[in-house]
Every structure is written in C-alpha cells, then in structure tokens.
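Q: So you can see what is in the structure, the chains are spelled out below.
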Amino acid sequence: MSDEPAPRPFPQRDRDTTPFWEAQDKHELRFQRCTGCGSVRYRVTPLCPNCHSFDHEWIASSGRGHVYSYTVVRRQTHPAFPVPYTVALAEMEEGPRVAAQVRGHDGGEIALGAPVHVEWEDHPKQSLPVFVLD
Amino acid sequence: MTIRNQAAIVGIGRTEFSKNSGRSTLRMALETILDALDDAGLRPSDVDGVVKMSANRDIDEVELARALGLQNLRFFAEVPYGGGSGCGTVGVAASAVATEMAEVVVTFRSLNERSERRFGESSVGGGVGGWNAYYAPHGLVTPAQWMAIFGRRYLHEFDHDTDAFGMVTVLARKHAATNPHAMMYQRPITIEDHRKAEWIAEPLRLLDCCLDTDGACAAIVTSAARAKTCKSTPAYVTAATQGTGSRPEVMTAWQRDSIAHLEETDSAARELYRIAGMNPEDIDVLLVYDHFTPMVLMTIESYGFAARGQAPSRYREGYFELDGRVPLNPHGGHLGEGYIHGFNHIHEAVSQLRGNAANQVAGSPKTALVSSAGGVPTSSLILSLEAR
Chain A
1 MSDEPAPRPF
11 PQRDRDTTPF
21 WEAQDKHELR
31 FQRCTGCGSV
41 RYRVTPLCPN
51 CHSFDHEWIA
61 SSGRGHVYSY
71 TVVRRQTHPA
81 FPVPYTVALA
91 EMEEGPRVAA
101 QVRGHDGGEI
111 ALGAPVHVEW
121 EDHPKQSLPV
131 FVLD
Chain B
1 MTIRNQAAIV
11 GIGRTEFSKN
21 SGRSTLRMAL
31 ETILDALDDA
41 GLRPSDVDGV
51 VKMSANRDID
61 EVELARALGL
71 QNLRFFAEVP
81 YGGGSGCGTV
91 GVAASAVATE
101 MAEVVVTFRS
111 LNERSERRFG
121 ESSVGGGVGG
131 WNAYYAPHGL
141 VTPAQWMAIF
151 GRRYLHEFDH
161 DTDAFGMVTV
171 LARKHAATNP
181 HAMMYQRPIT
191 IEDHRKAEWI
201 AEPLRLLDCC
211 LDTDGACAAI
221 VTSAARAKTC
231 KSTPAYVTAA
241 TQGTGSRPEV
251 MTAWQRDSIA
261 HLEETDSAAR
271 ELYRIAGMNP
281 EDIDVLLVYD
291 HFTPMVLMTI
301 ESYGFAARGQ
311 APSRYREGYF
321 ELDGRVPLNP
331 HGGHLGEGYI
341 HGFNHIHEAV
351 SQLRGNAANQ
361 VAGSPKTALV
371 SSAGGVPTSS
381 LILSLEAR
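Here the protein sequences line up with chains A and B, keeping their order. For the first sequence, position 124 (counting from the first letter as 1) is numbered 124 according to our numbering, and the numbering increases by one without interruption. For the second sequence, position 305 (counting from the first letter as 1) is numbered 305 according to our numbering, and the numbering increases by one without interruption.
This is chain B alone, in the form it adopts within the complex:
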C-alpha cells in the first residue's frame, strides 16, 4: 500500500491576514477549524485527530479538543522544523486516515507573527544549546542571516546578481496585487524597488524577506472514501513526503559539497514524484514556500522546473506567470499574500484545484505541488482533483 490518493483535503479555512489580529492564536485556530469543517460539511464531533506543526506548541491539542467539545481524540502528532513542516502535517494526517487510526484529522497553523513574536527579531539570550550554540554567539541569530549564507553561494556558483532574487518578489507582488485577501493587495513593485530596498543581511534585502503576518489557516484531511460523502470537492493527497537529505541541520546545513542547492528538497522531490508516479510535466500549479527569495529559486530547481542555477531564466521567460507553463504562487505567497508558515500555500493549492482562487490560473488545473520551506528539513505534497 502507498499513500497515493488514500486521503484528501476536504475542508479549508482561513482568517484575514493582518498586522494585528487582536485575538489569540488559539482563537484563530478554532475559527479556521470551524470554517474548514463547515466547508467540508463536517461537524466538530466528526474530528478524531489533530496533527500540528511543532511551531504551534502554544496551542495544546487538548485545548483544541476541550474547546471543540470532542468526546475523544484518538490520533495526535506533531511535525518538527518550523516552515519545513506544513505539508508534513497533511502527510501525517493522510497516513493516519489511510491506516484507520483516525478518520477526520485537523491540520492548521495559527500565528501572531507580526503583533507578538517576530521571527526576524532574535530573542536568543544567555546560554544557547544545540546547533545554534555554534552560530548565535557569532551573531547569526535570525533566519535571514542563515539563509543569506546559502544565497551568497547561489549567486556565486551560478554567476547571478541580486536581480535574480528581485524577480521572485516582483512576481509575488504582481500576483498579490490582484488578490483581495493579500496584505499587499494593489501594491505591486518593480525590480527597481527591489534594487533600492534596504539591506537586511547581505545579499538579502528587505524585499527578499517574507512578510510578518497575524493569521491562521486550517485544512481537514479524511479518507478518500469519506471524502466522497463531503459537500466540497476533494483535493486528493496524491503524494506526501518529508526530507532531510544527508548531513542535515536545522537551518545551517553548510557542511555539504554544495550549498547552492537544497539537498533536503532534492530528496523530497525525488520521493514525491516516485510516490505520485508523476514528473514535473504533470504539475499544473506550483506553490513554493517563499520565506526568502534564494530558497524559492533553489526549490524550483529541486522540483525540476529549471536546471540548476537556471530558475532566474525561467522567471524571465514568463514560465511562472498566471498564464505561464506552471503558475507559481498565484496568491502572492509569503512575499505578497501573508506569512502563514506555508499553510496559505496549501489553502491556495486546494482553491486552485476547486477553481475558485482569487487569481484562478487558466486551464482548470488538476494537480498542484506544494513545497514547505527550503533550507530546513522539509516536506511536500502533490494534490490532485482526480484520484487516478
């Protein structure tokens, strides 16, 4: 048995994306879970599983169960590694329903990343253990700084200038500009804006970094059989995987032969396509985790949409536009819509398959590939309209 098409996302929900939600992460998680259940035609009493990102340790599974009035939660699990874990929660949920350890599993991400703890402001203090003991004392304390080390190698090895990064943000903001849910709705930028943007950690500028967002998204996973009884159009989990590659580290896997590509993501890509029995040519819409622009280029290459170092050329060709060969982040992603730690990408993938996205791509997409963060242990999904 494989995981292929054994499970489906049958419900999605989201809050508004803002700079200050004015409410707790638990409250927002509950709002989106209720919306997602309603979307599926399910009730809270149907829920018997929860899989969450370890980044949401602020929300206890039992607090969700208590608030939702559940009689019993028979499957609960947590997927580690921050932005790398979003797709992994859906994968774990799919494996739970495929093995009948649960039937209706809630996955979600809820964060007040703008109004409470911002990831770009380090709170590391005193003694630092683990991997970061080797970096924080030297002043490498934020994701932008760690990712800059990879980004510099990408520019160097493939002889690009920072316009290669800028194109990523220009396209994301173009898409966000026509998405009313986006924080950057009607606020496109030009490559010149990127060139003038302030440095954060060279070679990364402010416009290479994702937005800071308060908000939440949820997705309900159930079995393919149960999905047929739901009121929504199922998005089948055609493949799900996680990946570390060799010599993995949390955000500093710098001991590899090359760090101008992402071995975690390369490994996940091979496994994802194997499970799905698909190739890049079979993918209709692409959702790439865009915390920092260099990682977008490398992720595109890992999943086979450009040769190594050639993703910038694809951007120039229009390959990732809404009417291009494989539209990329039609919602505007973390750079334009909001930063819900990859979960708004899952929401967008399902919306595109259903045909009701704000920036609906041409040609009725039947498959969507969603990648969680690059530069960390990662995960990914292929979602399909048809369970073949």
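Chain A extracted, bound-state conformation:
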C-alpha cells in the first residue's frame, strides 16, 4: 500500500463498468471485444460502435504497450496526489490507449514510443494499474 496523505478518488462502478473494475481488483486489465464484428473497444460502453451489437466478451490485455503521451504533474492540485508524479497514456497491444501513473519515474524525459508493461497497486477501494518502463 502507498502512504498517501488523503484518499484517492476511486471509480464509481455502474452496471456497464462493474466487470471492468472487478477484473482490475484481480490485477487484470481487460477490454470489451464485440462478438459480432471482433472489434475491441475502450472505454467501456454497452454497444459496439462499429456493428451495433450488444454482444461482447471480455479479453485480457497482455499488459504491454508503448507510451503515446504523458505529463509530469508538478503543481499539486489534489490532496491525494503529491507532486511530482507522471501519468502516461499508453497504447496497449490490443489498441486502446490507457492512462496510468508511471511507477518510479524521476520526472525526466520519456521518449514517446517507449515500451511499458502494467503492474498493479492495491488501494483501499480499487486496485489500479501502473506502468513500468521496460
């Protein structure tokens, strides 16, 4: 567990997103794949925007991706997030771009395209992925 000075905001689950967040508590990053047309979609939504099928399955991400963009936050704006910290938007192998903190990053420059993999942090209300630079 991290020693945060204030509770983090946590995802409020709803009837569409519960399977997504429950999987994260089991340290699995998963995406919806349409069983009609096979397209992977993110963020969670009930309907396939490609073929309009409601039918889908959950697929586990490999947890591997590359940095598409990132920010180093240096002005504190929320009591739960002491600065500095780095949040990356990583493009996962399955296609979706996922945001998460970069573990152990010192605030230096990260080359866009740098490979990352997912590890997990357990917080009181929700386990969350973090990225680790390979």
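Read the hints as simulated data drawn from the structure, not as lab findings. The reader is advised that the hints may include incorrect statements.
[Claimed, not checked] Counterexamples of contact, computed for chain A against chain B with all Cβ distances above 12 Å:
1. Pro7
2. Arg33
3. Phe54
4. Asp55
5. Trp58
6. Ile59
7. Ser62
8. Arg64
9. Gly113
10. Pro115
11. Pro129
12. Val132
13. Leu133
14. Asp134
[Said to hold, decoys possible] Reference listing, derived: stretches of chain B covered by chain A, where coverage requires no fewer than 3 residues with Cβ under 8 Å from a Cβ of chain A:
15. 143-153
16. 197-211
We treat Cβ as the ideally placed atom computed from N, Cα and C, and that holds for glycine.
Given chain A, put chain B in place with the hints provided.
A: What follows is chain B alone, placed relative to chain A:
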C-alpha cells in the same frame, strides 16, 4: 431555411474582471443582462428566452426570471460541455428566434472562478463516475493535466519546442497590455518569461494556462427583423454550429488516430463555413478560446488559418497581430484579459464589428469568427456586420 443571418446579437454587457468580485454570480449575471438590454434599447419585459451554459447551473432560469420580473419565459435551454458551450448558447438562441419560439433571448456567463471554485484545483473526492472514473484515480484531475496529454503529442508530431506555446501567451499579453479592461493591462511578457515560468503539468507551464477570473458577460439575441429596431448596431449570426467529431469524450478524446489536432473543432469548422458560405479568407478578426496554449494552435489550424502544425510559423510571421492578416484575440483573451469561459470573446467580436473595441483592429472588420473551447465538445460562430 438555414440559420444564416436569421438572428443577431443586439446587446452586450460585462462586469469588471477581477480576482474577487465581492458579489454573487446571480448578481453579476443580472448586472450584465441589464447592461446588455440597455445597450440594445430593450427592457427586461422584452425578454422571453434564456439559454445558458450548463456550467452556470448555479443560476436557475427561474431565479433570473423572478429577479427580472418577467411575466413569462417561453424558451429556456442549457448547452453542455463547459468552455465548449459559449458559442452554442448563442446558436441555440438564434435557432429559437428564427423559429419564433422566442423573440428576445438572454445568453450569459457569470463566474467567481478566482474567489470561489477554481477549475485548476480539483475537488474530486470519493467515488468518481462516468468518463473521469478512468482518469481521476490515476491523478489526472484538472483540465491542465488532460490538455497536457494533447499538447505533448502536438509538440512531438510537428517537432516544435515549447516556445511554440509561449508565442501564444506573448501575443495575448501584448494585446491585453493595451486593453484597460484586461486583468493583465500594462503587463506584457517576453518569451523568456514563458521559458522561466514554473511547470504546472509538463509540457504546460503556468503561462500556458488561462487566468482565474471573477466576472460576467451577457449577449442579447433577437431576430434579424427585430434587430433593425434596436438602438445598437446588430452583429448578425451568419453561422452557428456545435461539434463533437467521432469518438468524442468530455476532455479525454484520446482514442483517435491522431490527437495532435482537434476533431471536434475540425468538424465545427467545416460546418460553420458551409452554413456561412465563407472561407477563412472571408474572416476579418478571429476570437479563439485560449484556456491552454496548445489548444489555440490547434484551433487556428482547424479553422484553416494555418496548415496542420504550422500555426507557430504564422505567429512568427505576425499573422495574428493587430495589423496582421487576421488579428487574433485583440482583447488579450483568457490569457490576458480574463477568463469568462469564452463569453468575453463574444463580447470582443461584437465590439470589433461595431468599431469600438479597446484594441480596434485596422480596416473596419466586417466578419468575426468566434470559437469556443478546443479539446472538448465545442461550438462556434461567425458574426457579421452585414446580413448578406
């Protein structure tokens, strides 16, 4: 029937822009509405419609009606998506008067963004639903942080350094420096000031972020026919549109092929020019929503005033100066005048067309393009002096 030139802005009003207004947002809204009605030669009893930004949920339509002593409000609507919605309120108001669902419609924005809730300080706590459930738990909790993700891609894809952002603020502060209404009146900056400014969320520095402001602006919209009877010079709504583009999200539309341009704004631009029957060459003055500098560059490109990635070159050429090809934010915008969520840009557009702006641009502008925020579902307007 199209919306083209069916309606006009006939009255504008504004408060002072400060760090502490000392009064309620409702009070400021009422002050500016009365000023705008007076500007038009209209009375409160003429008002039969209100369109507001959803960001102003603190002000109930019925509280406005009660305070103004209206006998009946027959049209009221709300436009969502924060800074993306300002021009949309005028567009909705124009559609209401064009269809005779209302005749005199009030639009406004009133906020104590500096002295009350600052957008740069997140109040997100506990469980977060909707789109932000995917971001806030990771520490992406403010607009600067979300916009930084886009800004990084812009620098990367077009091989710019952060001076590209700095030029935006330098020009805004240059314009504000000669605008007595501006919070940054007589306070210009240099590119060196920008380079030395503290980081907020890299690659954004403090000087890439808009000001925090208390204040309000209002605009009165009526039909083109009624406009001719008003005492002011009408600014005709030549085109109005909204836009989401594909795969839209509130402030995190990051699943698109490229996020180094703004698909919402690209879509709005195409539609706006189509409705107006105009091209960028027909625009005399440009008002771009400047919450964060990268979005200004991308918005300029969306509206066709520079090729993709080339807005910084236009800045270097002097293209957006008061005597340039298309003067940009002559009032100083959100980076220099004040942050009234895009409504001070509408106020400035009307003032420029009337010829009485603080930094009046050369050559008697006849058309003004106003864009609401980029990086969110957006809206825009073309206002004209002549209804052609």
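Q: Indicate, hint by hint, whether the structure satisfies it.
A: Here is how each hint holds up against the structure:
The beta carbon of A/Pro7 is not kept farther than 12 Å from every beta carbon of chain B, the shortest such distance being approximately 7 Å. The non-interface label for A/Arg33 is consistent with chain B: the shortest C-beta to C-beta separation is roughly 15 Å, beyond 12 Å. In this structure A/Phe54 is separated from chain B by more than 12 Å, as the shortest Cβ-Cβ distance comes to about 19 Å. With a least beta-carbon separation of about 21 Å from chain B, A/Asp55 lies farther than 12 Å from that chain, consistent with its non-interface assignment.
Distance check on A/Trp58: its Cβ is at least 16 Å (rounded) from any Cβ of chain B, clearing the 12 Å threshold; non-interface status holds. The claim that A/Ile59 is not at the interface with chain B holds, since no C-beta of that chain comes within 12 Å of its own (minimum 17 Å). Non-interface call for A/Ser62 relative to chain B: holds, since the shortest CB-CB distance, roughly 18 Å, exceeds 12 Å. Here A/Arg64 stays apart from chain B, with its beta-carbon at least about 18 Å from theirs, past the 12 Å limit.
Distance to chain B contradicts A/Gly113 as a non-interface residue, since its nearest Cβ pair spans about 9 Å, not more than 12 Å. Consistency note on A/Pro115: stated as away from chain B, and its beta-carbon is indeed over 12 Å from all of that chain's, at 17 Å minimum. Some Cβ of chain B comes within 12 Å of the Cβ of A/Pro129; the nearest lies about 9 Å off, and the non-interface call is violated. The non-interface label for A/Val132 is consistent with chain B: the shortest C-beta to C-beta separation is roughly 14 Å, beyond 12 Å.
For A/Leu133, the requirement that its beta carbon stay farther than 12 Å from each beta carbon of chain B is met, with the minimum near 16 Å. Consistency note on A/Asp134: stated as away from chain B, and its beta-carbon is indeed over 12 Å from all of that chain's, at 20 Å minimum. Counting residues of the region 143-153 of chain B whose CB falls under 8 Å from any CB of chain A gives 7; the rule of at least 3 is met. Residues of the region 197-211 of chain B lying with their CB closer than 8 Å to a CB of chain A number 8, which satisfies the three-residue condition for coverage.
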